[in-house]
Amino acid sequence: MNVQVSPKRYFESVQAERTAMAAAPPVCLYLEVTNRCNLLCETCPRTFEALEPPADMDFALFTRIVDQVPNLQRAVLHGVGEPMLVKALPKMIRYLKARGVYVLFNTNGTILTRRHAEILVAAGLDELRVSLDAADAEGFLKVRGRDYFDRIVTNLRRFVAYQAEVEAKLPVLSLWLTGMQDTIAALPDFVRLAGDIGIGTVYLQRLVFDDTGRGLARADEALFAQSRDEDQAAIAAATALGAALGVRLDASGASEPGLSVQAGGAARPWSLCRRPWSLMYFTAHGRALPCCIAPFSARGYENYTLGDARTQTLDEIFNGPAYQKFRTDLLGDEPPLPCRNCGLRWSL
Numbered sequence: 001m002n003v004q005v006s007p008k009r010y011f012e013s014v015q016a017e018r019t020a021m022a023a024a025p026p027v028c029l030y031l032e033v034t035n036r037c038n039l040l041c042e043t044c045p046r047t048f049e050a051l052e053p054p055a056d057m058d059f060a061l062f063t064r065i066v067d068q069v070p071n072l073q074r075a076v077l078h079g080v081g082e083p084m085l086v087k088a089l090p091k092m093i094r095y096l097k098a099r100g101v102y103v104l105f106n107t108n109g110t111i112l113t114r115r116h117a118e119i120l121v122a123a124g125l126d127e128l129r130v131s132l133d134a135a136d137a138e139g140f141l142k143v144r145g146r147d148y149f150d151r152i153v154t155n156l157r158r159f160v161a162y163q164a165e166v167e168a169k170l171p172v173l174s175l176w177l178t179g180m181q182d183t184i185a186a187l188p189d190f191v192r193l194a195g196d197i198g199i200g201t202v203y204l205q206r207l208v209f210d211d212t213g214r215g216l217a218r219a220d221e222a223l224f225a226q227s228r229d230e231d232q233a234a235i236a237a238a239t240a241l242g243a244a245l246g247v248r249l250d251a252s253g254a255s256e257p258g259l260s261v262q263a264g265g266a267a268r269p270w271s272l273c274r275r276p277w278s279l280m281y282f283t284a285h286g287r288a289l290p291c292c293i294a295p296f297s298a299r300g301y302e303n304y305t306l307g308d309a310r311t312q313t314l315d316e317i318f319n320g321p322a323y324q325k326f327r328t329d330l331l332g333d334e335p336p337l338p339c340r341n342c343g344l345r346w347s348l
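Residues 1 to 348 in my numbering are what the sequence shown lists, from first letter to last.
These aren't lab readings, by the way, just hints derived from the structure by calculation. Possibly wrong hints are sitting among the right ones.
[To be verified] Keeping only pairs whose Cα atoms sit at most 25 Å apart, straight-line, the calculated BS3-like set for lysine-lysine is:
{"no.": "1", "residue 1": "Lys169", "residue 2": "Lys97"}
{"no.": "2", "residue 1": "Lys142", "residue 2": "Lys87"}
{"no.": "3", "residue 1": "Lys97", "residue 2": "Lys87"}
{"no.": "4", "residue 1": "Lys142", "residue 2": "Lys91"}
In this text, all values refer to a predicted model and were calculated from it rather than measured experimentally.
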């Protein structure tokens, strides 16, 4: 059985000196177990176009990919879709846990019934991230496109109650809010909601956007690199409230939320990314993409596809010509298209 790495430390296994070639196989896999979803989020590209034909990842493809990573430490079972729609999801989790892998995924929480809670706890899921994006029904409808806020909150209360009933510490629950001009003011209320439900961690997620300006995924909605005084005030208020309620406020990739919306002073910030040396991302069809952020930050999978797990081995992909060119460009002055709007670090 593999020795597990802390979920926030796996990227440190990457060598300090990065080159076009990866010195070791990936230690983390992002597996898009489905590209289907039951919401119409205004921040998601799949709301506005068909990225690939609708599909769940075939279990044979899933095992083909997983079995090729000898020192797999961490598996993230989400992409542009709702993982809990996949019937084989518990089987996938159990398969990974038999390898000693740390397993997590993001969910919208719409079908997180007690039965699903029982299944996920029994499967051994380590972490469950719930993307809610609003502190009330009105805000949720604006961002998520459907009126499911009350249902999700009810589901979360039942999930927390079930874990208490059976004394299950796993999966660790967290609540996520995408920070935008339209949502940041609700962050204190979001923290208060988490505390009321019994969830101990809230994450402020950076908005990812491309250049098309669709829905709410637009540059003018983003907080990163254009943080206002009122944004920092909302973060400070949420942090103080969280301390009083026992809710930790964290951020996507940064050590503290206030920094997560600042650009920082680093030249070529994209070049600090370690993901192309530490992880691989596969769509439901087996297409290899640079990371989970790429579908949100650039259009056209054909422009940044790095391989195909159905016809190639992971070794052939990970150090193949496309991956080598991607790494070389990432370390240069003109980054690959998906990396141009990226910050220093993102959520792990």
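Evaluated hints:
Only pairs whose Cα atoms come within 25 Å are accepted, and Lys169 paired with Lys97 is accepted, the gap being roughly 16 Å. A C-alpha spacing of about 29 Å is found between Lys142 and Lys87, which places the hinted pair above 25 Å, so the restraint is violated. A distance of roughly 17 Å separates the Cα atoms of Lys97 and Lys87; the hinted pair therefore holds under the 25 Å criterion. With a C-alpha separation of about 34 Å, the suggested pairing of Lys142 with Lys91 is violated against the 25 Å cut-off.
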